[in-house]
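2 protein chains.
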Amino acid sequence: MNFPSKLIENAVNEMSKLPGIGKKTALRLVLHLLKREEEATLTLAESLTQMRTQIQYCRQCHNIADTETCAICASRSRDRSVVCVEDTRDVLAIENTAQYKGLYHVLGGIISPLEGVGPADLHIDSLLRRLPESTIQEVILALSPTMEGDTTAFYLTKKLKIYNLKISTIAPGHPSGR
Amino acid sequence: MNFPSKLIENAVNEMSKLPGIGKKTALRLVLHLLKREEEATLTLAESLTQMRTQIQYCRQCHNIADTETCAICASRSRDRSVVCVEDTRDVLAIENTAQYKGLYHVLGGIISPLEGVGPADLHIDSLLRRLPESTIQEVILALSPTMEGDTTAFYLTKKLKIYNLKISTIAPGHPSGR
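Each protein sequence line maps, in turn, to chains A and B. Going by my numbering, 167 is the number at position 165 of the first sequence; the sequence numbering is gapless. Going by my numbering, 168 is the number at position 166 of the second sequence; the sequence numbering is gapless.
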């Protein structure tokens, strides 16, 4: 595709790096921004920059937070179970069901030798450090029903054995559509 | 949807203002940016800001350009016909066929009383000013095959009569899929 302007070309190239957005969609979005008032684009750009540079992660559960400790970890009304999940989207999905009243631990991924992700790349150490200090009684493993998810669950179960906790996994028939 | 962070919420809200991007997709894009290095987000934000603030429009044809006169208008090898189109996307679409070797005139929309767009809101005056000064021999109207497109074409045909030009419209059977 030939662009009439280098500025448009750059913007389209950057937009099309986002997942699920191809060149054509990116061009549509960029031309849409051009049609709207300048303020709209500046606000969008500013919100993305702020989000990326100022975001914090909860010291305890590694979930996204605006403060050092996230609202869920700071809450006193949460019960003493921990769900281990892969990433923030899982926390959001579980929170939006409003059915679970415990805490979380975001691993930041799953063990995947093919992609070069080992146990050391995940927040497993911090989970193990967190357990003796707290009154946590149950750890629930909510990981993908894939080979990698199973590997991670197996690894965690082995590591968690010594803490004398109840360890559960969510049923594999659990609807996992996002 | 409850967000764990105000920063994420802002970014998601801004992203979901883009056409065809809902809250869920916006969240997916924002979390994707969070996973990638900070530089990627900053480059994206910067490219959007630059695009919106530094873009210029060709003095002659009103197409997007990096300079005062766009590359197509500045070219001496273009023939002396003008295609009137609604917006930049149409120019891009026609240019990418590499079948047309004339000039363009971007109207910036079509007459649409329902949306409050009248002839004065379009670049019609500048087209009429452009004609006597130039050696243009044919004006081709390439507008949407809709009521608004037909209205605009009718209005333009009436206005262009006095210039003694060949006026054509593209065949309505022309595939208009974008």
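Bear in mind the hints are in silico, worked out from the structure with no lab data behind them. Among the hints, a few may not be true.
Repeated chains share a single entry, so a pair holds when one copy, or any two copies, can fit it.
[To be verified] Subject to a maximum C-alpha distance of 30 angstroms in a straight line, what follows is the list of computed DSBU-like cross-link-like pairs (lysine-lysine):
hint : residue 1 : residue 2
1    : K103      : K19
2    : K103      : K160
3    : K161      : K19
4    : K19       : K163
5    : K25       : K37
Okay, the hints, checked on the actual structure:
1. Taking CA atoms no more than 30 angstroms apart as the test, K103 paired with K19 passes in neither setting, with 37 angstroms inside one copy and 32 angstroms between copies.
2. When the C-alpha separation of K103 and K160 is checked against a cutoff of 30 angstroms, the pair qualifies only within one copy, where the shortest distance is 26 angstroms, while the shortest distance between copies is 70 angstroms.
3. In this assembly of identical chains, the alpha carbons of K161 and K19 never lie at most 30 angstroms apart, being 38 angstroms within a copy and 45 angstroms across copies at closest.
4. Taking the shortest Cα distances, K19 and K163 never come within 30 angstroms of each other, neither inside one copy (43 angstroms) nor across copies (48 angstroms).
5. Proximity of K25 and K37 under a CA criterion of 30 angstroms is satisfied in both settings, with 18 angstroms inside one chain copy and 22 angstroms between copies.
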